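In order, the protein sequences belong to chains A and B.
Its first residue numbered 1, the first sequence is counted upward by one per residue in the numbering used here.
Its first residue numbered 306, the second sequence is counted upward by one per residue in the numbering used here.
Worth double-checking, as some hints may not be accurate.
Derived, one-sided and incomplete: chain A residues facing chain B with beta-carbon distance under 8 Å [said to hold, decoys possible]:
(1) S6
(2) Q212
(3) G219
(4) A261
(5) Q265
Just so you know, the hints here were simulated from the structure itself, not pulled from any lab data.
Just so it is clear, the structure is predicted and the values come from calculations on it, not from any experiment.
Glycine included, each C-beta is placed from N, C-alpha and C at the ideal position.
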Amino acid sequence: MDFIVSLSAATLRVATSILLAAIGETYTERAGVLNLGIEGTMFFGAFVGFYVADISGSLWSGLLAAIISGILAGLLMALFSVSFGVNQHVSGLGLTLLLSGLSLYAFRLRYGGLATPPSIEPFPQLRPFGDLPILGPLSEQYLLTYLTFLVIVPLAWWILYYTDFGLKLRAVGENPEAVDAAGVNVYAIRYAALAIGGGLMAAGGAFLSLAQLGAFTHGIVSGRGWVAIALVIFGNWDPFKVTLGSLIFGGTFALQLRLQAMGLQLPIPYETFLALPYLVTILALVLAGRNASYPAALLKPYRRE
Amino acid sequence: MSLKRLGLIVVIAAIALLSVQCSPAQKPAQEESKVPYIYAAYATPIEEPWDGVIHAALQKAADEGKIKYEWTDDIGYSGDMERILREVAEQKKPDAIFGDAFGNEEAVRRVAADYPDIAFVFGSGLGPSEPNVSVFDNWIHEPAYLCGLIAGGVTKSNVIGVVGGYPVPEVNRIVNAFIQGAKESNPDAKVLVTFINSWFDPAAAKEAALAQIDSGADVLFAERFGVIEAAVEKNVYAFGNMSDQYDLGPDHVITGPVWDMSPTVEYVIKQLNAKSYTAQDLRDFSMMAKGGASLAPYHGMDSKIPADTLKLVKQREQELKTGMFRLDIDEAQPASDS
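Go ahead and model the full structure; you've got the sequences and the hints to work with.
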């Protein structure tokens, strides 16, 4: 029982940063823009969040700065992919390279020459259910994890499906010509989607540096952005299904670490455990991907004829 | 359409500009022509601890006026090493080139063969090569063994966790020495070993450490960054690695194996000055007897170690330093005890 409780608690923790980014990507793709800048935006958010928290002494200022930096990164992506109509793969990967390089460059200017990575006191974990069995240890989570699962995901879902803005956002990703004909500014909606998406991606990165670690190093994101993109497809561009995907990934990730620590002496190499989360994600993609209904206008820059 | 092309050009220009800025060739501190001119070519960013140790030792020698030092980093493993080494050898003509050859072994040795008058001193898991390739490595298994002795002494649960990057020989021998020490001071100790298959994923390393704590571990060996954060959060003891990492977890980090490249660098400088450079395996200069490996300062944490354990550690430390005790090297892949 303890095993399952600690596994579940770890699952939520591991899933948080990936889920935030995946919800962000859901928004950009729903509006018709594949944002491959996700990995770089997470990294940028992790750095800016850490840097601002370090100099200001306030974790919340750091988080806010990270979100603003992510919004700016999203707007930069919009400038290229929406206004200039640059190929989304090129502009997205370019954005990831740009933001990764920029973050490391700034990191070296500020923290260069340190033998150990700089660290700050991270966000504390909450434990609302105290010492109650099961619920107590399970509820020991960061506030950002609570916000992500209980506020951001439902809110993202509600906005997407039950508001005028959400309707326009989905329509822009399916049939921008029709939306334009109805008098809605396609560019403005896509800019907004990329700004929201960038903010969420950066928040996902900042969760790593401000909550989970309280430190910034290169490699802090380590491909979590790419995993998030796979989860968006798995989740069929629906915030709740994307959440399910992030829990499956986080769960197998936490499980494999526990299997390694148990010393099972199985006749299989430990790499089998390490590959588990990715294998499960690929398997889930293959099964769910058959029914994937891509936003019809994904990857297509909109141009008025 | 021209707008689209303009955008594309701007993106490419921005990337090009940035990648140039990201690997700044450092200006030499001084233009003294008599001291040896050493160039370093690092495959990873110098923030990575392995290359960071080499850089720190060379920078120290440069600050002391013993060498003229320039470097470039983040060269990677996709073919740039050979080009950069050739450019450096042709245009800069240094007396010696330092670096890490892991992942670039063939490129380094190919270039070295073409420039026999330049000393190539590289971190490598392979052997030296006449006339000019010397190799070194982080031979810090001895202090890792001492840390294991301490871990066996301080554990209350008799479960000790180790989180490593990849099970490569350099990591295996450190982890195995740690385990050997732990079992020597505490035969009942059970050691959990987790690899995260990354050199740099502190969030994964922390999760791995938390999983070990859930399995009962109350002392952790942080071969990678991220583990100490878990030790602080769950209030257990930890050992750092490569450098003095007490600052990452005061009151939690007891000590840790430390690698110092200065003895290696000093020795090569001496050889260069005497025009007596020879290709050799420089491993001894990274071990305890010659000061290349040591235990990180305790920062008062030795008060947490049981007296008899501390006595044993001090005795073994002395024996290692004076050459009276030689630790066997075991590079087989370690696994968790069941």
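Evaluated hints:
Because the beta carbon of S6(A) sits about 4 Å from the nearest beta carbon in chain B, less than 8 Å, this interface hint is met. Checking Q212(A) against chain B: minimum C-beta separation of about 5 Å stays under 8 Å; hint holds. The beta carbon of G219(A) comes within 3 Å of a beta carbon in chain B, closer than 8 Å, and the hint placing it at the interface holds. Because the closest C-beta pair between A261(A) and chain B is about 5 Å apart, less than 8 Å, the hint holds.
Satisfaction of the interface hint for Q265(A) is found here, the shortest Cβ-Cβ separation to chain B being roughly 5 Å, below the 8 Å cut-off.
The earlier numbered hints are all upheld by this structure, with none contradicted.
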